[in-house]
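Throughout, our numbering is defined as the position within the sequence shown, counted from one, plus 25.
Hints are computed from structural coordinates only; laboratory data are not their basis.
Check each hint, because a few of them may be wrong.
What follows is a set of in silico ranges between Cβ atoms, one per label pair, in the way DEER data are often shown [what the hints assert, rightly or not]:
(1) GLY81 to ALA194: 28 to 36 Å
(2) GLN247 to LEU422: 47 to 55 Å
(3) ARG385 to VAL517: 25 to 33 Å
(4) ARG385 to ARG125: 37 to 45 Å
(5) GLY126 to THR326: 23 to 31 Å
For lysine-lysine, the following BS3-like pairs were computed, each having C-alpha atoms within a straight-line distance of at most 30 Å [unchecked claim]:
(6) LYS302 to LYS398
(7) LYS312 to LYS302
(8) LYS312 to LYS398
Note that the coordinates shown come from a computational prediction; the quantities given were computed from them, not determined experimentally.
Cβ atoms here follow ideal geometry from the backbone N, Cα and C, with glycine treated the same way.
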Amino acid sequence: MSLLYAVTVGLMILVPVLLAIGLRRRFRAPWLLWTAGALAFFLSQVYHLPLNNWLGDLGLIGPIAPDAPDLLRTAIVLGLSAGLCEGLMRVAAFWLLDRRGLVERWSGAVMVGLGHGGLEAMILGAITAMSIAALFGLRGTDLTTLELTAAQLAALEKQVAALSTPSAAAILPFIERLLAMILHVAASLLVWLAFRRRNPLYVVAAVLYHALLDGVVVYAAQFIADPWLIEGLVFLLALPGLLLIGWTYRRYGAAEERHAPPAWRAEWGVYLALLRKELLELWQTRKALVVAVVFLLFGLTSPLMARFVSEIVKSVPGAEQFAGLIPEPKAADAVAQYIENITQFGFIMTLLLSMGLLAREKERGTAAMILSKPVPRWAYVLSKFDALALVYLPALLLAGLGAGYYTNLLFEPGLAIGAFLIGNVLLWLWLLTMAAAVLLGSALGRTALVAAGLGLLFSVILLVGGAFPQAAALLPGGLVSWAAQLGVEEPVPVNGWGALAGSIVVILFCLLTAVGVVERQEV
């Protein structure tokens, strides 16, 4: 993936969070409202996508092409489908928040909109990473050998050719998501006004506005070749939403009490102090040493187990006859054994280390003592996560060096150590997604036992999600598949860029939600 496209994906993932941070530093909008908006978008897709498939089976959604006979109807149905599905879930979210008095202010409604549009931008950023990486893999390939229609082949050739000459157009996906976030914030404000003024017509306006933007873009994109003109059209459609945001700010937001947080330098100073505390605790309790020893042990023994598995089978009474069925081991088998050990036992270790990071401090009263001081909640949560990350990374690299050394000693041909170590960095990121999920469980749970159960549940959801082909390429499990192919002699091509970006999205979502939970809890 080229640098320009990587920057685009990074902006799609990070800018939604940065916008929420900017809002949070000006207004007292709880972080949980960002999570509420994000969950509203995610849950809306649970029935939005099947609904579109069903409408397609009914013939109401047809092909999307300039010469498609029912293109206008398809565009209208797609627009209404998106507007209704996301609008209904947006209403449900505001209803729940309104009952708890969490979204009384203008800034709260904006934060919900930033979460709704933000998660969409982040997920589409991961999809963009996967798609661009797949297109890069097709360069130099005879595309005519693929089973594609003439229209599909022409479109694919155009996309691959565009990658060969990167231009400013690479930033267009980010610009489109930025404009879409204006729509989502405006729609959230309309729903907020519906509850504030007890007028359901604002909900109708939100649905129709969303449907109009989506429908017009679907239809017009089939006849406008210049992507910049398409984004110009999106800007014109988003302009009423931008005006609505400005009007509601002058009417409601300008009168809100401003948030006056400490200077960034002071907050980062607190964060660094907390990080030193966490690292010191991990060292003094020997947890950091245990992590390093366990990982190194698996790094050294995995190649041995792969190399001498047939001898081990022969040593088992009655199993000698099966030894001949075992193929000659290769370096790839050592890598597979190593990854299996790291993911299995690393996950257990992550669960044990992370489950009590927040919950145990709440049980002991340590959290109450720390948070009674002017400690930013983000610094409190992030310092614990980052301490684990800083302990895991050198431990995994050390284990990787040990595994690589013994693999090259026992197998011919061996491993490319540099690529294999990059694979260990991918395993590190995989472990961090599990740690973030367990940390979220620790924030939600009042006791370490409850936190362990919730953390295990969230982690299992991530692992089981990899069994669904539609989601597997964007979930952390794809990192493991990618790592297994790095450094071996005959790697199987794996497009893991979507999983890489998706894992970052999962980590950000879990950490932001954990901060929101800690912020709202009475400790």
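So, going through the hints one by one against the coordinates:
no.	hint	in the structure
1	GLY81 to ALA194: 28 to 36 Å	holds, 30 Å
2	GLN247 to LEU422: 47 to 55 Å	holds, 50 Å
3	ARG385 to VAL517: 25 to 33 Å	violated, 42 Å
4	ARG385 to ARG125: 37 to 45 Å	violated, 28 Å
5	GLY126 to THR326: 23 to 31 Å	violated, 57 Å
6	LYS302 to LYS398	holds, 15 Å
7	LYS312 to LYS302	holds, 14 Å
8	LYS312 to LYS398	holds, 27 Å
In the structure shown, a violation is registered for the earlier hints numbered 3, 4 and 5, in ascending order.
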